[in-house]
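Line order of the protein sequences matches chains A and B.
Heads up, the final residue of the first sequence is numbered 314 in my numbering, and it's a clean run with no missing numbers.
Heads up, the final residue of the second sequence is numbered 604 in my numbering, and it's a clean run with no missing numbers.
The hints are simulated quantities; they were obtained by calculation from the structure and are not laboratory data.
Please note that the accuracy of each hint is not assured.
Interface residues of chain B toward chain A, partial, derived using beta-carbon atoms under 10 angstroms [to be verified]:
| hint | residue |
| --- | --- |
| 1 | V350 |
| 2 | M443 |
| 3 | P462 |
| 4 | V464 |
| 5 | R487 |
| 6 | F592 |
Just so it is clear, CB atoms sit at the ideal spot from N, CA and C, and this is done for glycine as well.
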Amino acid sequence: MTLPMGRPMREVFGETVSDLADRDARIVMLDGDLGSSTRADIFEHRHPDRFLQMGIAEQNMIGVAAGMATMGLMPFISTFVSFAVVRPLDQVRVQVAQTGANVKLTAGYAGLFTGMAGKTHHIVDDVSIMRAMPGMVVISPADDVETDRAIRWAASYEGPVYVRIVRDATQRLFDDEYRFAFGRALVVREGSDVTLVSTGAQTPRTVEAADLLAERGISAHVVHLPTLKPLDVEGIVAAAERTGRVVTVEEHTVLGGLGGAVAEALGEHRPTSMRRIGFEDIYTESAPNDVLLDMYGLSAERVAEHVRSIAWNS
Amino acid sequence: MTARAGTLDRAEVARLEEMARRIRVEIIRTVNHAQVGHVGGPLSAADLVAALYFRVLRIRPEEPHWPARDRFILSKGHSSLVQYAAMALRGYFPVDELRTFDSRGSRLQGHPDMKLLPGIDMSTGSLGMGLSAGLGMALGSRFTSVEPRVYVLLGDGECQEGQVWEAAMAGARYGVDNLVAIVDHNRLQQYGWPDETPEVRLPPQEPGELVAKWSAFGWRVIETDGHDMADVVEALERASEPTGRPSVAIAHTLKGHGVSFMEGDYRWHSRPIQPDDFAAAMRELGEPEA
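Kindly generate the complete structure, drawing on both the sequences and the hints.
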């Protein structure tokens, strides 16, 4: 079964933060000269007085946000993941995470979908970096619906939150009734042969992979982890116990990201045979989205093939 | 006990000079006690910080989170001792607590930590970051009901960090005039470039370079002798006047000022004090210890 396409997460970001700002005077938007790409421009049109252009100077933007947070404001950051996480990493660490600033790092262009920008813009190690940072919450929504709910949750939380937002339309997994449960693993397909753990916009593709596996007689149990930090260790252990075999699937490096986090949890609490699907210590290249997913083994078809090919020794 | 902006007569200058002297005494005592900590930078900034804490800043030590207070950020966070000494003498915490500096469980971390010590408006320690946070406070106050003035003390070596100039650009762009940067221009950094021999190090900038740069970035530049208290106060009060753009006071100082054998010697950036040196330093500061 193929899932329907949702709206681009970035549009939902612009609209949801604008909606929140209608009722919350603390919200301001800081843009690193990418508002027309991240869709912070939607916010600028609705709240022009609270949209602050910070120019191409991301280190300063993060520090300004931290200073504003001490004045009781709730700054949202608009830039690409590359320039919200990696470029100003020390500012995020010292000025936001160490101070517990109420800053929302709502960063766009997560993963491979960057308008064919290539390896400088494909930040696929951000989860590893951000989950190692004490005090940081890391959320990777699956679709447009969950993006809206996650941003609303982030605004209700006092402290730093990192939300990974995807540029282009991706498959929709959830319906309008969906309620975001912070910090919880979510079973999205029941199964008995193998457990697939996924996150972000990869989860809908992993669900489609599970459907392809079902056609081949393999019953996959699919768990979505929207919150990568804090990690739902109990939920991961329960999902592993369900089948005794775990495959993590992420549009991210397998070093320290979802796969690393799940391996850490299971290694200590419930050693389980597992494999990690994701980027294997490589830099990625420019190509159209569907080509990239196929090249790097993240399309539903390639994930299903990979899972079928695993020779489990237990 | 502290005057708000008012007449700057000879008695007021003498009062502030005495606070600067006592700040220096506490810096030396604390470094001697801890046998660790920065010396040269705190000493060069002592007059500036005395003027701020004992005259310029509108603060309430008994109510450190008072929403309308002026904000102060020590961007050169490794000089934390000058801020701790001033805060203790101003009544934020007992002077004896200075002896806990850098020890386990202390609120007085090596670099200022806003999560531990009430009265610290922003944690610092990684150089180049304070002005951005100060800009955020100054700009952020436009969305609040309070109108604080925000003061950020930077080192001249620190002005080699690119983020300082990102903040300078944005501050001028927004015409933020409740933001005052103060540069402790003591002409030495931790190690720096060698002069003709490695024992002598070049200053972080050429003469006049900082004035030219801040001016080029659109800031109102006020120069001052950072060890002439009347001049310091006059400069800081003039820099505090709103003029439609941010102001920077470039304070010409001497690293290690107040202790002759520490002055202008880059090796006193950070160094434990030997007993003879401690006694000599205290004598020079007019506080010979028994």
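Status of the hints after comparison with the structure:
Annotation: B/V350 was flagged as interfacial toward chain A, and the flag is violated, the nearest CB pair being 21 angstroms apart, outside 10 angstroms. Annotation: interface hint on B/M443 holds; nearest CB of chain A at approximately 5 angstroms, less than 10 angstroms. Interface restraint check for B/P462: the shortest CB-CB distance to chain A comes to about 8 angstroms, inside 10 angstroms, so the restraint holds. Annotation: interface hint on B/V464 holds; nearest CB of chain A at approximately 8 angstroms, less than 10 angstroms.
Residue-level restraint check for B/R487 holds (minimum Cβ-Cβ distance to chain A is 7 angstroms; threshold 10 angstroms). Against a cut-off of 10 angstroms between C-beta atoms, the interface hint on B/F592 is violated, since the closest Cβ of chain A lies about 33 angstroms away.
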